[in-house]
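If you want the building blocks of each chain, they are given just below.
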Amino acid sequence: DGGITQSPKYLFRKEGQNVTLSCEQNLNHDAMYWYRQDPGQGLRLIYYSQIVNDFQKGDIAEGYSVSREKKESFPLTVTSAQKNPTAFYLCASSILQGTVNEQFFGPGTRLTVL
Amino acid sequence: KQEVTQIPAALSVPEGENLVLNCSFTDSAIYNLQWFRQDPGKGLTSLLLIQSSQREQTSGRLNASLDKSSGRSTLYIAASQPGDSATYLCAVSVAGKSTFGDGTTLTVKP
Chain A
614 DGGITQSPKY LFRKEGQNVT LSCEQNLNHD AMYWYRQDPG QGLRLIYYSQ
664 IVNDFQKGDI AEGYSVSREK KESFPLTVTS AQKNPTAFYL CASSILQGTV
714 NEQFFGPGTR LTVL
Chain B
17 KQEVTQIPAA LSVPEGENLV LNCSFTDSAI YNLQWFRQDP GKGLTSLLLI
67 QSSQREQTSG RLNASLDKSS GRSTLYIAAS QPGDSATYLC AVSVAGKSTF
117 GDGTTLTVKP
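As they're listed, the protein sequences go chains A and B.
If you're matching positions, the first sequence starts at 614 in the numbering used here and goes up one per residue.
If you're matching positions, the second sequence starts at 17 in the numbering used here and goes up one per residue.
Please keep in mind that the hints were generated in silico from the structure rather than gathered at the bench.
There could be a bad hint or two in this list.
As a list, the in silico PhoX-like pairs of lysine-lysine whose alpha-carbon atoms are at most 25 Å apart [claimed, not checked]:
#1 A:LYS684 with B:LYS113
#2 A:LYS683 with B:LYS113
#3 A:LYS670 with B:LYS17
#4 A:LYS696 with A:LYS627
Based on the provided sequences and hints, a complete structural model is requested.
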């Protein structure tokens, strides 16, 4: 089955802890993205990567970090510097063909700070 | 900075009605526009993608149009069904980055 997997589905974090969200894709897509979604709102871009070993900050990168050591994997770490991390986190990937950027999404991880 | 607006925020219709969801964007220099469906607590499912050179795309009961010059797109759903109940989001892409609207939550009543 081709697709994007995210784990865990639910994650609970204590104040001051760093946590890492996993995102894996077997679609052979070049680009990968992390978004945050708050209740009743659209998606906001945290980080994105268009090639292995390279990534760029999105609109709300403060308090987050990423790595892209393999084409298939793009983990997101939510650090203790992120003041309000409770949200729904979505990972996406796309194959960049010319100007076409069609994104496909994983099932999401819901992070709750206790 | 690109801004994407979706109106209305919520819509409730009886089963069988045809309906239109709206998406507007401020910067017309886009590469493509994508419509998604999101069920509660789930990820996004891609419905239709319209490239900047295209005017519309169709898939089954769905038809999406794009007017770049006016910064607008519409998603037309024919003969709505209760299973169409979900939140619909549009996203515009430029240079590998996408900007999303807040979505329209659709409820189709049996």
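For each hint, the structure was consulted:
{"no.": "1", "hint": "A:LYS684 with B:LYS113", "verdict": "18 Å, holds"}
{"no.": "2", "hint": "A:LYS683 with B:LYS113", "verdict": "20 Å, holds"}
{"no.": "3", "hint": "A:LYS670 with B:LYS17", "verdict": "15 Å, holds"}
{"no.": "4", "hint": "A:LYS696 with A:LYS627", "verdict": "12 Å, holds"}
Taken one by one, the earlier hints all hold for this structure without exception.
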